[in-house]
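Engineer: Now for the letters of each chain:
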Amino acid sequence: MSSVIASRYPAEYSKIEATLPGGSQPWLRLLRAEALKQFSGRGFPSLREEEWRYTNVSGIEKNLFEPRLEPSVHQVDKDWLENYRLADCWQIVLVDGYYSAELSNLEGLPENVTVKSMSKLLEADAGQIEAYFGQAVGIDEHNFVAFNTAWFTDGAFIRIPTKTALDKPMQLLHIVTDPNRLATTRNLVIVESIAQAQLVETYVGTDQSYLSASVTEVFVEQNAELTLYKVQCESEKAYHYGGTYVKQSRDSRFSHHNFAFGGMLARSDIHVDLGHASECNLNGLYLGIKRQHLDNHTRINHLEPHGISREVYKGVLDGRARGVFQGRVVVAEDAQKTDSEMNNSNLLLSNDAEADTKPQLEIYADDVKCAHGVTVGQLDEKSVFYLQSRCVDEETARNMLTFAFANEMVFRITHKSLHDLVLAEVLKRFPQQGITQDWL
Amino acid sequence: MSASAKEIEQLIGKEYKQGFVTELEADTFPPGLDEGVIYKLWKIKNEPEFMLEYRLKAFRHWQTMKSPEWAFVKFEPIDYQAVSYYSAPKRKEDGPKSLDEIDPQILEAYKKLGIPLDEQERLAGVAVDAVFDSVSVATTFKSKLKEAGVIFCPISEALREYPELVQQYLGSVVPTGDNFFAALNSAVFTDGSFVYIPKGVRCPMELSTYFRINAANTGQFERTLIIADEGSHVSYLEGCTAPMRDENQLHAAVVELIALDNAEIKYSTVQNWYPGDKDGKGGIYNFVTKRADCRGENSKVSWTQVETGSAITWKYPSCVLTGNNSIGEFYSVALTNNYQQADTGTKMIHIGKNTRSTIISKGISAGHAQNTYRGLVKVLKGAENARNYTQCDSLLVGDKCGAHTFPYVEVKQPSAQVEHEATTSKISEDQLFFCQQRGLSAEDAVSMIVNGFCKEVFKELPMEFAVEAQALLGLSLEGSVG
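Protein sequences, first through last, are from chains U and P.
Oh and the first sequence: position 303 is 303 in the numbering used here, straight run, nothing missing.
For the numbering used here, count along the second sequence from 1 and bump the result up by 1000.
This is chain P alone, in the form it adopts within the complex:
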C-alpha cells in the first residue's frame, strides 16, 4: 500500500486519461425508442422468442413509470427519445471468432485502458469480457474456462446457446418492473456478461468485464447475470470508462447475482466513467440496479465498489438474504469531486435465519460535490438471529461540498441485532500536522490519510484492482487538495 503517495502525486495534475475517442465505424440505431426499436433490437441480436416478450413487457411497464425523484441528485430530465439504443462496432461478416479478427482499433483502445486483450493469454491472470458501447467484443480465456465447466460469455451469446438457463434466471432477482431504470434496461439491454459456475467448481481465475461507452449520443444498457451453482465460488471484476464528451450520456445497467447453496460470489467494481469537467459539464449518468439473491443456504455474496467516476451515480448493490445462514457484504468507497453527485449505498434484506450482513461505506466529498449514502437494512419476521453491522464514514475536503447519510433500519424480529454507526468529519488538523512534521508535504499527507480512510474497503479488492483504485482516488482528488 506504500505505492500511494508518490503515484498519486504523479497522477494529480493529469486529466481524465481514459477520455479518448476511438474512431470506429459503427452500426448505430437512430435515436428514439418505441416497440419497433425493440423489435429491431431483438431481431438484430437474433434472440430466442421469449426475449421479445420479455423486452416488450418491460417496455410497456416502463412507459407507465416515472423517473424517480427521491435520490439526492439533481439533473435535467433526460429525453429518452434522444438516445440511441444500439451502437455496435461494425463487423465483418459474422463477427470475430478469435482475437485476431477483432478490429485493431478496438484492441488499441483497450490497450490504452490497460487491458491488453492479446496479452491476456500469456499473463496467467484474468479472463476478460469486454463490452464496447453496446456489444461484447472479446472474451478471453474461453477455452480454459470451458475445461472447468464455467460458462463465461456475452449474454447475447448465452441467449442463443443456453436459452433455458438464461430464461430460468433472467429477471428473477431484478424483475422487469423493479424500477424505472431497470425496466428500461430490461427492454433495451444490448449486451453484457453471463457467468455460470457449475456445482462444486471453484472458478480457476478471476473473471472480468470492461465496459466502455465510445459512440456519442448512445446509452449503454448492459446486463450481467451471474449464477453460482451449489458449492461454487467465483470472483468477478468490473471496470468502466468513457470518452470525454460535453453532453451527458446515460448508463443504465442491471446486474443480477444468484448464489445457490454454499456458493460464494465476490463482485468488485471500479467505476470510472467520465465524471464531467471542472464545471460539471458532461459526464455519465450512472443509474445502475445491482442485486444479489443469496438463495441457497450458507451462500455468500460480497460487493466491493470503488466509485470515482460519473457525473451522477445512482446505485445500490443489494443482497437479498433468502437462504439460512447466508451472508451479504458491501464495501464501498465513493469519491466525488467538482460537481459530481453520488447517491449510493446498499440494501440488505434479511429473510433467512442466522443471516449476517456487513456494510462498510466510505464517502469522500470534495469541490462542489454531493455524496450521499442511502442504505436499508430490513429484517423480516422469519430472520431469527439476523445480524447486521453498518459503518458509514464521510470525509469532507473543502467547504463547498456536502456529505449525507440516510440509513433506513426496519426490524421485525426481536432476536436480530442491528447496529449502525456513522461519522462525518474533515481531515483532522492533528493528523495533517503529524504527517507534515514527519516531512511529508500537505498533499502527500492528504493522499495518505484518504487512502488510510479507505483501507478497510481496498483490502477487500483483488490485488490488481486495489492498485488501480488507489491511483484513481488520487486522480479524482486532483485540484481539491492543498
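For reference, chain U alone in the conformation it holds in the complex:
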C-alpha cells in the first residue's frame, strides 16, 4: 500500500477560512473543522477506494483550483447565460459558488415558499439550516463530501411548505465563469408533507478548466412529491462532482433524471434513503465523447417495508470516452415487501470507448423482489437490417437507433423548455446531427 499523496488544498484553507459563511455558528465551525481534518488525512478519494475504483480524480491535485473570495457577477456573459435559462421556470443562479439575487428570477413565487442564500440564512436564521444540514449525508461518506462541507461558500436553501404545489419548475443554475475556479456549493431542499415540486439543477461553465463540487441534501417529507432533474453541461475541460443525497419519509415520491453531458471528468452521486412505502425513480443518461470520463454512482437504501424503486441508466460512449455506472440497492433487514428493479445499458460506438458497470444488490430481508440487469454492446444488427430493408441507408439506420436509445430517457421529460434544452444537448453530441434532426 503506497502512501497517499497529501492534498495541496488544506494548506490553502487558512486563506479563505475567514471569508466562509457561518463562522459565527459553533456547530458549523466544528463540522467544518472535522471535515477539514478528515480531508487533510487522505485528500480526494483514490482508486483504492472501492466506490472510486474506476474514477481517477488525481487531476484535481495537478491544478490548484482557487475559490472566489467574494461574490461578483460582472464577469457573467448574460447572453450566453440566456441559452441555459429555461422558459416558464423560476431561476436561482449561483455564480462561482455564490448565490446571485441579481441574476435570479423568483417573480410570482408563492410567498410561503422559502428560497434563500445559504450564507445569508446562516447569518439571519441558522436554526433553519442546522436542523437539516448533514442529516442526509455525513462527511464520512467520502472525502468529496468532507471537502464540500469544509469549503462551501454558499448555496441555495429551498423550502416548499406543507400542502403547497408549485405550478412550474424551479431552476437551480450553477455557473462557473473563470479559469481555474473552484466552485463549492451546498444546497438544502426541503419539501414538506403533501407538498409538490419540480426542481432542475443545471451545471454550466465557460470553456475553461475548473472544479465544480456541489452537494445537495434533499428531504422529501411524508406524502410529498419531488421531481429533480440534473442537467450537467459543464465545460469540456472541467471537473465536476455533484452529490445528491435524499431522505424520503413515509409515502413520499421522488424522481430523479440525471443527464451527464459535459465535463472532462464528471462524477455524480445519488443516494436515496427510502421510508415506509415510499417510491423512487432514478433515470440517467450519459453521453461520452472525446476523452470524457462520466461516472454515475447511485445507491438506494430500502430502510423500511413496502418501498418501491426503479432505476434505468443508459450510456452512449464514443471516441475515447469512458462511462462508469455503479448502482447499489440495499434492502435492510426490516424492509420486507421491497420491490426493486435496476437496469443499465451501454452502447459502445468506438474502439477506444470503455464501459465499466457494477450493479449491486445487498439484501437482508427475504420477502422481496429485486432484480438488476446490465448490458454492454452494440446496436442490434437485426434492427439495423430491418431499417435497411426499409430503404434507410446503414449509417442513418445506426444513427436513428442510437438516437432512439438515448431518446428513451429524454422523452420522459414533461416540461417543454427543459425537454428542448436536453434534446439540443443530446443532438450536439451526435456525429451526424444534421441527419438526426431531419427525422425528428
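Don't read these hints as lab results, they were simulated from the structure.
Treat the numbers as computed from the prediction; the structure is a model and nothing was measured.
Glycine included, every Cβ here is placed at the ideal spot set by N, Cα and C.
Careful, some of the hints might be misleading.
Under the rule of at most 27 Å between Cα atoms (straight-line distance), these lysine-lysine pairs were calculated in the DSSO-like manner [as the list claims (entries may be wrong)]: (1) K1455(P) x K369(U); (2) K1426(P) x K337(U); (3) K369(U) x K1426(P); (4) K1400(P) x K337(U); (5) K369(U) x K1400(P); (6) K1426(P) x K1381(P); (7) K1353(P) x K382(U).
Which chain P residues stay away from chain U? Per the calculated CB distances, all over 12 Å, these [as the list claims (entries may be wrong)]: (8) K1045; (9) E1161; (10) E1384; (11) D1399; (12) E1456.
Ranges between beta-carbon positions, derived for each pair [said to hold, decoys possible]: (13) G1032(P) x L47(U): 34 to 40 Å; (14) T1358(P) x D79(U): 24 to 30 Å; (15) E34(U) x Q1168(P): 55 to 61 Å; (16) E341(U) x Q1436(P): 25 to 31 Å; (17) Q135(U) x T1064(P): 50 to 56 Å; (18) L47(U) x T1358(P): 41 to 47 Å; (19) M1065(P) x R29(U): 54 to 60 Å; (20) R412(U) x D1430(P): 28 to 34 Å; (21) Q1168(P) x P10(U): 52 to 58 Å; (22) D1430(P) x E333(U): 53 to 59 Å.
Please arrange chain P on chain U, whose structure you already have, making use of the hints.
Structural biologist: Using the frame of chain U, we list chain P on its own:
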C-alpha cells in the same frame, strides 16, 4: 432427478455425516511458519531444487502482504503461526506402493465418505486420488491411465518424476504473488493432484480427487495442476470433507488449469467441508484460488461447483480466455445455512477474439447466513466479438439471512456483447401452494423448488456427483425449511 424429495426428507434431521475423526498416527510439524519450516517441508518431500526457490519466493512475498478485507465475510484474524503446515499419516518405510499397503484406517475413513478405494477397480468408474490432510494417500487406476498416456498422480510425485513438466506450468496461471492465500499456498503446499493429458487423448475415465482434513490444528494447502495438451479432453471431479471440530481450520488451495489448442477441461467440485455447528462455531475457512488459462485456440474450460460446506467460502474459479474462440463456463450453486458465509463467483477475462463465456450462479441463503456473488467480466481491447451471458439468481429462505450480488463488468471492445441479469426473491407462495395443493408437504415442496432452482447447474455435473449434490443440498437446508 425425482430422487429429490424423499431422499432429502431422509437426510433432513441428519447431522453432518462426514464429521468423524479418524485416529491415526501422524507426522505433524509443530505449529508455526518461517523459512526453516519451508526448508523442512521441501526436504521431507524430497523435491527438486527449483521448488525451494519457488517456495521461498512465495513466502517472502506473502510476508509483505495483508489478508484481504474486501470480501463480504467476517471472521477473526487468523494466526498463521498457530497452524501446523504439515501433517501426514505415518508411513511405514517408503509409503504405500499399492492399495494393500495403505493404512486400513484411512481406507475405512474413505469408505465412510463413500469412496471405496479398493472397490474402484471393479467399478468401471472413476480414478481417484485421495488427499488425506496434507498428502496424497492413494491413486487408483494408475495403470489403466498410463496406457492412455495420461499422467494422474500426486503433485509431490510429479515433482520428482516430471520436474520439467511441473516447472513449466506451475505458477503460470496463478503466480506466487497473486493474492494473499495463493502466496501462502505456493510457499507451503504439501500435496495435491497433477494431471497431464497428452495430445489428442480423450481421458478414458473421469478423474477424481477427494480431500479430507483429519488432524486438528492443521491447515490444508493442496495444489492441483491440470494440463490438457492439444486436442485432449478431461473431466475432473473434486470432493472435500472434514471432521467436526470446534475450532476453525484453514484450507487454502490453489488450482491451475491449462487448456492448449482445442483442449477441453471440465472441472467439477462438490465442496462439503464442515460448515460449523448451528451457532456458527467451528468450521472450515475455505480460501481457494482457482484459475484456468484457455491458452490455446478453441479451448474450453468449464467450472461446475456445488458449495454447501465451509464456515466461510472465498472462492472465484476464473477463466482467462487467451486463445481465440476459447470458451469459459461457470456453473455454481452456493448454499449457506446457519452462520455460514460465502463470497464466491467467477472472473471471465476475455483476451482472444470470439471468446465466449457463460456464468450461471445460484445462491441459496438460509438461517443467519450471508451469501454473496462477486464476479468480474472483463473484455479487453483485442477481444473482438467477445460474448458473455451472466445470470445470478438468489433465493432467500428465512428473514435473517442475506443475499448479495456484486458483479463487475468492464468492457473495452465495442463489438463485445455482455449481458448480466440478477434476481433475488424468496420461494413464491404460489409455487408452494401449488405443490401443497398437489399433496406434497411444505418441506417436500421447498426441497423440490430449491432443486428446481438449481437444476441448470446440476445438469452440468457428472451423474454420480449430481445425485450427491442433490442430497447435500437437502442436508444443508436442514432446520431452515417449514
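Engineer: Now tell me if each hint is right for this structure.
Structural biologist: Quick rundown of the hints versus the structure:
1. Of the pairs offered as hints, the one joining K1455(P) and K369(U) holds, with about 21 Å between alpha carbons and a cut-off of 27 Å not exceeded.
2. Distance restraint check for K1426(P) and K337(U): the Cα-Cα separation of roughly 11 Å lies within the 27 Å cut-off, and the hinted pair is therefore satisfied.
3. About 8 Å separates the Cα atoms of K369(U) and K1426(P), which keeps this hinted pair within 27 Å; it holds.
4. Taking the CA atoms of K1400(P) and K337(U), the gap is about 15 Å. The hint holds against a cut of 27 Å.
5. Restraint check for K369(U) and K1400(P): the C-alpha separation of about 16 Å stays at or below 27 Å, so the hint holds.
6. At most 27 Å may separate the alpha-carbon atoms for a hinted pair to count; K1426(P) and K1381(P) exceed this at roughly 39 Å.
7. For the hint pairing K1353(P) with K382(U), the CA-to-CA distance comes to about 22 Å; that is within 27 Å, so the pair holds.
8. Taking the minimum C-beta to C-beta distance to chain U, about 34 Å, the non-interface status of K1045(P) holds against the 12 Å cut.
9. Every Cβ of chain U is farther than 12 Å from the Cβ of E1161(P); the closest lies at roughly 42 Å, confirming the non-interface assignment.
10. Not every CB of chain U lies more than 12 Å from the CB of E1384(P), the least distance being 10 Å, so the non-interface label is violated.
11. Not every Cβ of chain U is farther than 12 Å from the Cβ of D1399(P); the closest lies at roughly 5 Å, contradicting the non-interface assignment.
12. In this structure E1456(P) is separated from chain U by more than 12 Å, as the shortest Cβ-Cβ distance comes to about 17 Å.
13. Judged by the Cβ atoms, the range 34 to 40 Å given for G1032(P) and L47(U) holds: they are separated by roughly 37 Å.
14. Checked against the hint of 24 to 30 Å, the C-beta distance between T1358(P) and D79(U) comes to roughly 57 Å, which is inconsistent with it.
15. Between E34(U) and Q1168(P), the C-beta spacing of about 57 Å keeps the proposed range 55 to 61 Å intact.
16. Range check, E341(U) to Q1436(P): Cβ separation about 29 Å, and the 25 to 31 Å hint holds.
17. One distance hint, 50 to 56 Å for the beta-carbon pair Q135(U) and T1064(P), is violated here, with the actual separation near 43 Å.
18. Distance hint check: the CB atoms of L47(U) and T1358(P) are about 30 Å apart, inconsistent with the given range 41 to 47 Å.
19. Separation of M1065(P) from R29(U) is about 43 Å and departs from the stated range, judged on CB atoms against 54 to 60 Å.
20. Distance hint for R412(U) and D1430(P): a CB-CB separation of about 33 Å, consistent with the stated range 28 to 34 Å.
21. About 53 Å separates the C-beta atoms of Q1168(P) and P10(U), a value consistent with the hinted range of 52 to 58 Å.
22. Between D1430(P) and E333(U) the beta carbon distance is about 25 Å. The supplied range of 53 to 59 Å is therefore violated.
The structure shown violates the earlier hints numbered 6, 10, 11, 14, 17, 18, 19, 22.
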